[in-house]
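J.: As given, the protein sequences belong to chains A and B, one line each in that order. According to the UniProt record's numbering, the residues represented by the first sequence are 1 to 257, in order. According to the UniProt record's numbering, the residues represented by the second sequence are 1 to 257, in order.
Check before you lean on any hint, since a few could be wrong.
Any copy will do: because identical chains look the same in the list, a pair fits if it lies in one copy or spans two.
What the hints assert, rightly or not - Straight-line Cα separation of at most 16 Å, EDC-like style, residue types lysine to aspartate or glutamate; simulated pairs:
id: 1; residue 1: 169; residue 2: 148
id: 2; residue 1: 173; residue 2: 148
id: 3; residue 1: 109; residue 2: 229
id: 4; residue 1: 68; residue 2: 134
id: 5; residue 1: 189; residue 2: 82
id: 6; residue 1: 173; residue 2: 105
Since the hints were derived computationally from the structure, they do not count as laboratory data.
Protein chains: 2
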Amino acid sequence: MTDTDQPRNLSQKPVIILVGPQMAENIGMVARAMANFGLSELRLVSPRGGWPKKGAHSAASGATHILKDAALYDTAEEAVADLQFVFATTARERGQMKRVYAPAEAALKTIERNTAGQRVGIMFGRERTGLENDEVALADAIITFPVDPDFSSLNLAQAVLLVGYEWYKNVTKEALPFDGEPQTPPANKEMVLSFFEYLESELEAANFYPPDKKPTMTRNMRDIFYRLEMTEQDVRTLRGAVRVLVETRRSRKSQIN
Amino acid sequence: MTDTDQPRNLSQKPVIILVGPQMAENIGMVARAMANFGLSELRLVSPRGGWPKKGAHSAASGATHILKDAALYDTAEEAVADLQFVFATTARERGQMKRVYAPAEAALKTIERNTAGQRVGIMFGRERTGLENDEVALADAIITFPVDPDFSSLNLAQAVLLVGYEWYKNVTKEALPFDGEPQTPPANKEMVLSFFEYLESELEAANFYPPDKKPTMTRNMRDIFYRLEMTEQDVRTLRGAVRVLVETRRSRKSQIN
Numbered sequence: 001m002t003d004t005d006q007p008r009n010l011s012q013k014p015v016i017i018l019v020g021p022q023m024a025e026n027i028g029m030v031a032r033a034m035a036n037f038g039l040s041e042l043r044l045v046s047p048r049g050g051w052p053k054k055g056a057h058s059a060a061s062g063a064t065h066i067l068k069d070a071a072l073y074d075t076a077e078e079a080v081a082d083l084q085f086v087f088a089t090t091a092r093e094r095g096q097m098k099r100v101y102a103p104a105e106a107a108l109k110t111i112e113r114n115t116a117g118q119r120v121g122i123m124f125g126r127e128r129t130g131l132e133n134d135e136v137a138l139a140d141a142i143i144t145f146p147v148d149p150d151f152s153s154l155n156l157a158q159a160v161l162l163v164g165y166e167w168y169k170n171v172t173k174e175a176l177p178f179d180g181e182p183q184t185p186p187a188n189k190e191m192v193l194s195f196f197e198y199l200e201s202e203l204e205a206a207n208f209y210p211p212d213k214k215p216t217m218t219r220n221m222r223d224i225f226y227r228l229e230m231t232e233q234d235v236r237t238l239r240g241a242v243r244v245l246v247e248t249r250r251s252r253k254s255q256i257n
Numbered sequence: 001m002t003d004t005d006q007p008r009n010l011s012q013k014p015v016i017i018l019v020g021p022q023m024a025e026n027i028g029m030v031a032r033a034m035a036n037f038g039l040s041e042l043r044l045v046s047p048r049g050g051w052p053k054k055g056a057h058s059a060a061s062g063a064t065h066i067l068k069d070a071a072l073y074d075t076a077e078e079a080v081a082d083l084q085f086v087f088a089t090t091a092r093e094r095g096q097m098k099r100v101y102a103p104a105e106a107a108l109k110t111i112e113r114n115t116a117g118q119r120v121g122i123m124f125g126r127e128r129t130g131l132e133n134d135e136v137a138l139a140d141a142i143i144t145f146p147v148d149p150d151f152s153s154l155n156l157a158q159a160v161l162l163v164g165y166e167w168y169k170n171v172t173k174e175a176l177p178f179d180g181e182p183q184t185p186p187a188n189k190e191m192v193l194s195f196f197e198y199l200e201s202e203l204e205a206a207n208f209y210p211p212d213k214k215p216t217m218t219r220n221m222r223d224i225f226y227r228l229e230m231t232e233q234d235v236r237t238l239r240g241a242v243r244v245l246v247e248t249r250r251s252r253k254s255q256i257n
């Protein structure tokens, strides 16, 4: 490859996150698919039967360094805490309001974010059941695959392969146009979830949620904020607004007592 | 999908040709990869150990119709005789002067030819050794895969998967199984500005704005919400949340008075 073909900023690459992977062979094949396309950072959330898993190593043949360096987590929430943009791969519509990307568009979004110095992750679910709703809920956006609806099932390594392929294909091209990125970094998931929990506890205290509707309303409101792709400054601003609106109430109450 | 999204001329699809495939499992997985992306015509040239092969059927699970309809040939030359444009997939440069396509470009070329009523085939070689030079020589053009040169080996089914993916994606113009578009229309400016004015008056009343900073803070916060591209439902939800947080304060105040 000539210099103009060199991928920019390849040290910033998307992180591949397998949530609850069941079969050792699949994990090994995921490592190979990653290696095919220049990816190297793998995170494993609660692999069934623990980690390391017998059989992953041989299935990874040649890509075992990726397994060796794989980071282990107990929950998806912990696995995404330091990331600033997260995709969840799903095959079926999940009754949520997140933006849906094809792998090609998701690759462009990933490159845009990585180029701006931000960390991006892509979550893949269990072989048989995919991601749970709570795990999909952590994501900023969905990736789904343009497959024939009559035969839509891709295996885990194939899904990673297509995502890796689109990323590598696009990142080794000429520079992409760069649009006006916000001045502060995007908030990582820990900060975002902390804001949600604060807002929701205040709404709960204010009787915002009719009985039985809280889970749906919570999910829908979080999806509004996920679409915003909040920077750290956005979170501080919105948190400050909520606090001010609410604490004026509290300070008046304490003045009376 | 609307009519304009319908894939054109889907009855003309590329033919997948496996030359000298060795492992039954790979043939089965190729059938699955084809089915994932709406391909159905498979040709097998001298499969090792004959055909049918034990194990192909179970590896094809769900895509066995493709195996059942697969056509058998003794040589690659016989397998491409009726085709009008043929690609050969190779990983390494072969000292030939044929045009080299990436899978995406090859898909566009395939669709162009198929749309013109011409038959197109794509040859894939043996698992360990690929295509022989005489077989590559039969092709009009080469397809090679944009993989990391440090880890370039794709298995047979993965190579077919990537070719099929690019074809299907382009021929259906990426019709995804579902999208995440909001259910209500975007809020018009009157509704958005009304929400802003309401929020800002409540923040003002709560002393959110330090002296002299109100214009800047107002503009920045409005920009946060503009980035959201709020639907009517978003505005109703956010307005409702603000009202509840604030009015609990008012109702307490009036209870005291």
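J.: I'd like to know which numbered hints this structure contradicts. Please list them from smallest to largest.
T.: 4
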